[in-house]
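Keeping their order, the protein sequence lines are chains A and B.
Take 4 as the starting number for the first sequence in this note's numbering and just add one per residue.
Take 4 as the starting number for the second sequence in this note's numbering and just add one per residue.
Each hint should be verified, as a subset may be incorrect.
Same chains, same names: a pair is fine if it fits in one copy or spans any two.
[As the list claims (entries may be wrong)] DSS-like mimics (lysine-lysine), calculated; alpha carbons at most 30 Å apart, straight line:
#, residue 1, residue 2
1, Lys105, Lys309
2, Lys85, Lys105
3, Lys235, Lys309
4, Lys8, Lys235
5, Lys309, Lys85
None of these hints come from the bench; they were simulated from the model.
Protein chains: 2
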Amino acid sequence: MVTIKDVASDAGVAVGTVSKVLNGHYVSAENKRKVEESVERLGYQMNYYARGLKTQYTYTVAVIVPDILTPFFACLVYYIEKELYRYGYRTFLCQSMHDAEKDVYYLQLARQNKVDGILGITFNTTELSKAGDIPVVMIDRHLENSICVTSDNFNGGELAAGQLIDRGSRNLLFIRSGSLLSSETLKRGDGFAAACRERKIPCQVLDSGDDAGGYNVEGIYGYLREHMSGGKLEFDGIYTSTDGLGLAVLDQLRRLGIQVPQEVQLIGHDGMRQMNRGAYLLSSIAQPIEAMARAAVENVIHLIRKEPVEELTILPVKFVEGGTTRE
Amino acid sequence: MVTIKDVASDAGVAVGTVSKVLNGHYVSAENKRKVEESVERLGYQMNYYARGLKTQYTYTVAVIVPDILTPFFACLVYYIEKELYRYGYRTFLCQSMHDAEKDVYYLQLARQNKVDGILGITFNTTELSKAGDIPVVMIDRHLENSICVTSDNFNGGELAAGQLIDRGSRNLLFIRSGSLLSSETLKRGDGFAAACRERKIPCQVLDSGDDAGGYNVEGIYGYLREHMSGGKLEFDGIYTSTDGLGLAVLDQLRRLGIQVPQEVQLIGHDGMRQMNRGAYLLSSIAQPIEAMARAAVENVIHLIRKEPVEELTILPVKFVEGGTTRE
Numbered sequence: 004m005v006t007i008k009d010v011a012s013d014a015g016v017a018v019g020t021v022s023k024v025l026n027g028h029y030v031s032a033e034n035k036r037k038v039e040e041s042v043e044r045l046g047y048q049m050n051y052y053a054r055g056l057k058t059q060y061t062y063t064v065a066v067i068v069p070d071i072l073t074p075f076f077a078c079l080v081y082y083i084e085k086e087l088y089r090y091g092y093r094t095f096l097c098q099s100m101h102d103a104e105k106d107v108y109y110l111q112l113a114r115q116n117k118v119d120g121i122l123g124i125t126f127n128t129t130e131l132s133k134a135g136d137i138p139v140v141m142i143d144r145h146l147e148n149s150i151c152v153t154s155d156n157f158n159g160g161e162l163a164a165g166q167l168i169d170r171g172s173r174n175l176l177f178i179r180s181g182s183l184l185s186s187e188t189l190k191r192g193d194g195f196a197a198a199c200r201e202r203k204i205p206c207q208v209l210d211s212g213d214d215a216g217g218y219n220v221e222g223i224y225g226y227l228r229e230h231m232s233g234g235k236l237e238f239d240g241i242y243t244s245t246d247g248l249g250l251a252v253l254d255q256l257r258r259l260g261i262q263v264p265q266e267v268q269l270i271g272h273d274g275m276r277q278m279n280r281g282a283y284l285l286s287s288i289a290q291p292i293e294a295m296a297r298a299a300v301e302n303v304i305h306l307i308r309k310e311p312v313e314e315l316t317i318l319p320v321k322f323v324e325g326g327t328t329r330e
Numbered sequence: 004m005v006t007i008k009d010v011a012s013d014a015g016v017a018v019g020t021v022s023k024v025l026n027g028h029y030v031s032a033e034n035k036r037k038v039e040e041s042v043e044r045l046g047y048q049m050n051y052y053a054r055g056l057k058t059q060y061t062y063t064v065a066v067i068v069p070d071i072l073t074p075f076f077a078c079l080v081y082y083i084e085k086e087l088y089r090y091g092y093r094t095f096l097c098q099s100m101h102d103a104e105k106d107v108y109y110l111q112l113a114r115q116n117k118v119d120g121i122l123g124i125t126f127n128t129t130e131l132s133k134a135g136d137i138p139v140v141m142i143d144r145h146l147e148n149s150i151c152v153t154s155d156n157f158n159g160g161e162l163a164a165g166q167l168i169d170r171g172s173r174n175l176l177f178i179r180s181g182s183l184l185s186s187e188t189l190k191r192g193d194g195f196a197a198a199c200r201e202r203k204i205p206c207q208v209l210d211s212g213d214d215a216g217g218y219n220v221e222g223i224y225g226y227l228r229e230h231m232s233g234g235k236l237e238f239d240g241i242y243t244s245t246d247g248l249g250l251a252v253l254d255q256l257r258r259l260g261i262q263v264p265q266e267v268q269l270i271g272h273d274g275m276r277q278m279n280r281g282a283y284l285l286s287s288i289a290q291p292i293e294a295m296a297r298a299a300v301e302n303v304i305h306l307i308r309k310e311p312v313e314e315l316t317i318l319p320v321k322f323v324e325g326g327t328t329r330e
């Protein structure tokens, strides 16, 4: 069997240089070429299992998200896999499907497999905070014993209120959904309320969320209908805690014959686009998804290498126009 | 260290029964409960790496798709991961990003890691057909030495032509994109052309594809403008090889001031929905994504267990209404 020493000797470089090339770390272009030629010539193949036993590194990270049908999570995993690949790491995809049991199952697998780290968004935060010595980086969930990367949810709410008011809305409504376990969507509402108070604009809150991360469409329809008189809605600006919820609200407004954005302006949160490309689905508060993925991957690699990391990274959000606000 | 024999002895069951429970195979509810209680009581943890060396099984499947930003691929991976989990397998997510080198890299990793199998859609078919003894199931790509699961692309084209004609279109256009390496999108056009010939309806073809799976939006705009006179397009029905392309065509029709579906009807292919839920983005030929994922996973498990499988599985498609065709 061809060993890493045979490759080093054939290429005329140190064993450490071969190891760096195989693990995707930086070496000079010249040495990279020499090593790759020798690997090719000798037909060397790394035995990752043997390596797993020997070094306790698997070069594998488990990425846990509720599901990848939700465009925000698909987009996040898209950037995470790309970025992990750049570092020479592979991605285990784990969809926890809003089912706490599946989170626990994957955490057990992570322990058994000795994956090098866990990255993700999950609704069952209690188990993951017991991950012990497995490097864990959470996105949008700040747990004990873990590192968190998030975007500025409070400022997102402030921005949404500011945009609605600057564009002429005078009676606002915030509709939220998602698990109450996630403190982050709550901050969106807090920022929104704070900005309304500061500008002395009235603001109501409708909680349409359930613990599974869903929302009650008929409940939203009923609430909006109760707040109509003479064919007009009493609110003229609505902010929703996610774009998915925003689209559901847009459907209900249309069902009630209300013109968007002429009568009511609507701002979502996340910044999702049609087919993940092109136009925004709604005017929205866009999260910096690529930057969040990069920061999360960088942090998990630092943790794996036992290097220091920031406990909490908060990245800036911005307002994007998607046709549900006036010019 | 607690072994599987300790668990069997504690639970009062055979070692094989413990193994079945740990691997997610069927045992009686009573035995399952006994084994789980003993695993919990003794704190038993499987060592997957040791198991990998010993049995040559990793209970891991590599899933290769171009990217998961494209809703069709995200939806496919969503169902594949769910289904693999049901069989006790985990999912390595590999996004090849339309980059043939990355396909090769992941295939090498698959060999080195001894993943049990590969499932996927990729544009670099030549390397994967050399996968040797690794069980490979391709979706929408029929390679030598591999098993393929696809939907009925030819019939999809026939259905699209039939629907456009039945709903009043008399001069049709097929616009395709995607790599020419994929014979499957070509079959969509073949079925469309065959149905037009049979119904004696004229039909043009515009190829706007490139090898990277993209399409030339300005080329489509220019082509449509050349085929206009007096503000009217000479075609009154358009079928596109994917929904992504269909949305790009819809944008160009709007830019040219053409009313859809009043003047021109438009049918896409894939059956994607807004945010992967709710309304269809376009009237479309819907692929049975969940059934395709189930069949692909079933086939790869059969291959891993050295059981016989069908070389080619073709699943039925159906027409779905999305507002770009007339009633």
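How the hints compare with the structure:
no., hint, verdict
1, Lys105 <-> Lys309, "both (28 Å within a copy, 29 Å between copies)"
2, Lys85 <-> Lys105, "both (25 Å within a copy, 11 Å between copies)"
3, Lys235 <-> Lys309, "neither (59 Å within a copy, 66 Å between copies)"
4, Lys8 <-> Lys235, "neither (78 Å within a copy, 72 Å between copies)"
5, Lys309 <-> Lys85, "within (22 Å within a copy, 33 Å between copies)"
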